[in-house]
Structures are given as structure tokens and as C-alpha cells.
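Residue numbers (the working numbering): 1 to 590.
For the record, the hints were derived by calculation from the structure and aren't laboratory data.
All residues carry an ideal CB built from backbone N, CA and C; glycine is no exception.
A portion of the hints provided could be inaccurate.
[As the list claims (entries may be wrong)] Distance ranges between label pairs, derived from CB positions: (1) Q60 with D323: 54 to 62 Å; (2) G59 with K515: 57 to 65 Å; (3) T55 with V240: 17 to 25 Å.
[Said to hold, decoys possible] List time: in silico DSSO-like cross-link candidates among lysine-lysine, alpha-carbon distance up to 30 Å: (4) K515 with K555; (5) K420 with K380; (6) K464 with K403; (7) K403 with K283; (8) K380 with K515; (9) K226 with K515; (10) K210 with K386.
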Amino acid sequence: MKSSKVSSSHKLLLNEALNMFVKNMDTAFFKLVVVDEQGHIMQLHGNLSFPKKFTLATGQNWMMLEERIQWEATKHQGIVRLGNSVYNLIKYEEEDTVQLPYKVFLISSIDIDFPWLKLATSVINTNIGALLKGADLQKQMDDTHQFTFAMMNALKVGIISVSTTGEIRYANNQACQWINIRRRDLLKIPIKNLIPNWKNIYQLVSSGEKFLNEEIAITTPDRKAKFNVTVTPILNQEQVSLIGMVIAIRELENVYHLVNKYTGMQARFTFKDIIAKSQKMRKLVDFAKNISDSPSTILIEAESGTGKEVFAQSIHNASCRHDKGFVAINCAAISDNLIESELFGYDDGAFTGAKKGGHPGKFELANGGTLFLDEVGDMKPEVQVKLLRAIQEGAITRVGGEKTIPVDVRIIAATNKNLKEEVEKGHFRLDLFYRLSVIPLKIPALRERMEDLPSLIRFFLNKKSVRLQKQVPQIRYSTLQQFLDYDWPGNIRELENAIEQYVILDGDISFENLKKELESPQPVVQATNTPQTNDSDISLKLTTVKEMERELILKTIRHFNNNMTHAANSLGVSRNTLYLKIKKYKLPIT
1 MKSSKVSSSH KLLLNEALNM FVKNMDTAFF KLVVVDEQGH IMQLHGNLSF
51 PKKFTLATGQ NWMMLEERIQ WEATKHQGIV RLGNSVYNLI KYEEEDTVQL
101 PYKVFLISSI DIDFPWLKLA TSVINTNIGA LLKGADLQKQ MDDTHQFTFA
151 MMNALKVGII SVSTTGEIRY ANNQACQWIN IRRRDLLKIP IKNLIPNWKN
201 IYQLVSSGEK FLNEEIAITT PDRKAKFNVT VTPILNQEQV SLIGMVIAIR
251 ELENVYHLVN KYTGMQARFT FKDIIAKSQK MRKLVDFAKN ISDSPSTILI
301 EAESGTGKEV FAQSIHNASC RHDKGFVAIN CAAISDNLIE SELFGYDDGA
351 FTGAKKGGHP GKFELANGGT LFLDEVGDMK PEVQVKLLRA IQEGAITRVG
401 GEKTIPVDVR IIAATNKNLK EEVEKGHFRL DLFYRLSVIP LKIPALRERM
451 EDLPSLIRFF LNKKSVRLQK QVPQIRYSTL QQFLDYDWPG NIRELENAIE
501 QYVILDGDIS FENLKKELES PQPVVQATNT PQTNDSDISL KLTTVKEMER
551 ELILKTIRHF NNNMTHAANS LGVSRNTLYL KIKKYKLPIT
């Protein structure tokens, strides 16, 4: 075991021990990867499948895959993205005096922590030791079973194994707790009594289809609750015949937290990121820090480009909710007929093109955390009513649904409009205004905090130079004075764009020309007589790029049956950008 190389006998023992471990696990939600000291994959165990171009094989260079891993929290725990799929990844390296001539990695489709792998590796090494000593095989198997049960019960995921006839063979503590049934009673219940559509799920998985992260209703003794469910097949030792299935269940709230984590819906900015040299900004930052931990709703009023979301994220990160999700939605970027389903989610069959099983809205995704409603002043009156009700009752109802779902959400709203004036004009509800502006926060425009400008210029010069891989250009005194004399109607966003152009051109541009570039509208490009392709419905009569873009977006959305996520991915833009385009072109989306 202390040798720097893995002997052939040790490889055989390791292989036998790992096979024994995997056989006892009876599941397919993980892949154990053993890597030698040269960084090559020695052995693979477990049935977790990956996208085709990321298929692992013995002899491959593991380091090429490890470069794509984002390690989080500790050096042991990380996230690996393979194609469009996200996996939890943990590694085990012996930190005691005994050094193993290999590393063990575990890639899992469910949330597993490092202590679990440490326990698993302990089982494997115990098996190797027992094999080396010629210990009684049956005793070894019994001990392995005990270790396995202990590890399954340590998981944060509910695990149920089911035979091909629908009999529950095993359930860990977490599953029993969530379903609220004692294990000995649960083992007597056919799986179809817990999951009414089990027959359809069984046929789907047994035919080779995947059943991953679906919202499924499970009937418990006291309620019918929805869980996130993944079902994977259990094959016999020859990997030929189906002998059962493993059901992994998670509470939706925990899944939403993972979704937020993996999709970037987390607050990145803190108060340290806010440049505040002026007295006005220092007072504002101090005030924002003081109100951060309050549960009260905050209304941020400021011009566009002043950094409203930076303040919102900083407040979230300074609050007791910082370890939960920060979910943002731009109310002006989403079309009127979609804003309600984006906020409150929808149930199965709520409308044409609705995702099977329904879809959670921003309120559910932000449960326990912060919901940032940007440009709330552009929200339509009928949606304002439902938002008011959600705030008052602390609960929402999905579109097309009847069940009331409690939510614990701290709301931070933002607008570039004067909401009091909007109330007087009849565009915004007075009762909602009072609900949102419990704590008002006004961010000054850049022209009102010019003492911060030199620091902001230095910050953006360094930031853009690093990102663009350019030298930091020198700014002449006369040019700097022009920067200081300008009113910056676009505020910090306009300043950032100006600095980016300045860095790209290595400072070889006058401020007057820079200002013209910032203020000039986008040119309208005339279409040339390009031959029409067979697979395009875009007419030769289109005369502008905007018209071509409008037709392309509309055609793509219709192609994907109004599935905005797939349409946005196909177009290569974010969902928010797609919604902005829909609103801009007034597309007839139903």
C-alpha cells in the first residue's frame, strides 16, 4: 500500500473490492473513478451515464477532464459540467501517514458530501485489507452491508430501491422521513401506491429512456406532496438483465437551491465591490448595511445604469439569507403574457406548450432567499394585483393550479421611474407601492457623485485591460478633465462602455469621438440581393436587419412550440434577452 506504484495484485484486489462495493450499493447514480499517479484512469465502477462525447474509459488522461472541474468550498468538493449536464464531484486523497498509490473520485448525479466518500473509501480499503489477509468472505460481505446501510442513511437524498415487480426492497432514513412512514411499514407498500403513475415510469426507464429530475407527486399518509424524482435502472452483474430500479427523491426547495447555484442565480456582489468615496455614497452604503438583515421589503429608485442590482446583491449577501438563492427577474424584459408564469410558475397542462409536470416560478426558486424585481414600474396592473396578494399572504398559486404554495421570500424591488408619479397617473397601484417601499433606497446618479468618478475610471481601466488582455492606457489630463466635466446620462453603465472602447483603442481616441460613438444610434443595414436558401422562410422583401431578426426569432420560437429556454439556446442568447426582443418587436406569442 505504501509503494509508489500499483502492483498487478493490488489492482486485482482493488477491482474486486470496488465491484463488491458497487454490487452492495445496488444503484446507478454515481461513477467511481480510480486514477493512478500518472493521471490515467485505472478503473471505473458504477453505472452513471454521461453525454456521449464525455464517455469515460480506462487509460484516458483524467487531468484533461479535471481542468473542466469547478472546485467549491474545499479542495475535495466541486462541480463538473459535461455538456449541458451538471454533476457533483468529490475526491478522496489519504491525508494520514499511509499514502495510497491512487486517487478515488466519485461523480454523482445527486448531492453527496465528502464525508460520505471518505466512508466509502474506508469500506473499499477495509475490503482490500480483508482480501489480503484472507478473511472470511461472508463476514466481509456482512460488514460491507453494514457500511453500505450506514452510508445510504448518511445521504441527504431519499433513496428507495424497487424490484421489477414493484416491491420496495430498501429505503434509507431520509426517504422514510420525507414520506413520513416507518421503514418496516414502507417495505410492505407497493410502489404504485406511493407513485400512482409508476407503471408509466417503469416502462419508460426499462426501455432505456432517462427519467431525471422530474416533479412527481408522492402519496404520503397525511398528504400528497411533490418531490424531485430521478429513477435509474439496476442491472445484474453481467449488466444485461434489469433486476430493479433506484428512486432518488429530493425536496423541491433543496433542488431549487441547487438550480440557483448551478445556473448562476447567486449574488456575486458585496458592499466591498461598491466604490464609495463621496460622502453621499458612503452614507448610502452604511444605510444599506444597516437594513440588510431586515425582513422588510426594499424599493430601490434610481436612474438606469446606476447599479441597482449591485446594491440588491450586496444587501442579500449581508443578510441572514446569504446562503440561499438570489433570484432576479426583469419585469420590463418579459412579455405581458409570460410575466405571470415566470413569477408564479405553472402546473402541468396550464397552457399550450407548458412543460410536462409544470414549472416553478421565481417565487418558488427564491424561497428562503431574496427575489429581486427589477423595473417593477413596468409591471401590468393585472400582474400587480397578483404580486400584491403574494406579498400579503406569503403564498402563491401557479398558473393553471389550485394549490396554495407558501413561500418565504424577501423582496427587493427596483425601478428607474418615479413610482409616486406613476401612482398619480394611474399606472401603478397605491397599495402595492406602499407594500414595496417599506424601506426606500435612492441611489444618486453619477453626476451627483462626481467625487467617485476618478476611482471608477481607475477601476474600469484595470478591469477592462485584464479582460481584453491589453495594457492599461494612460489618460491625458485634458481627457480626464473632459471625463469629469461630462454629465454621464447613462451613468456607470455608460462610463464602463466608454472605458472599454478607450482600452480597445489603446487610448487613441479623443473624448469627443468617444462621446459620438456612445450617443450614435445603431446603423440600419440594408439587405443585399442574397440568394434565398431552401431552409429559410425569410423573404427577399426584408429590407433591414431588424426585420430579419424579428422573423428569425418568431420562426425559432414557433419551431420550439414557445419553449423559451430551447429557443434562447438555439439563438445563442439569454432568456432575458429573448424576452426583451419579444417585447421590442411586439411578437404575437401566445
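In ascending order, which of the hints set out earlier in this document are inconsistent with the structure?
Checked against the structure, the hints that fail are numbers 1, 4, 6, 7, 8, 9 and 10, while the rest are satisfied.
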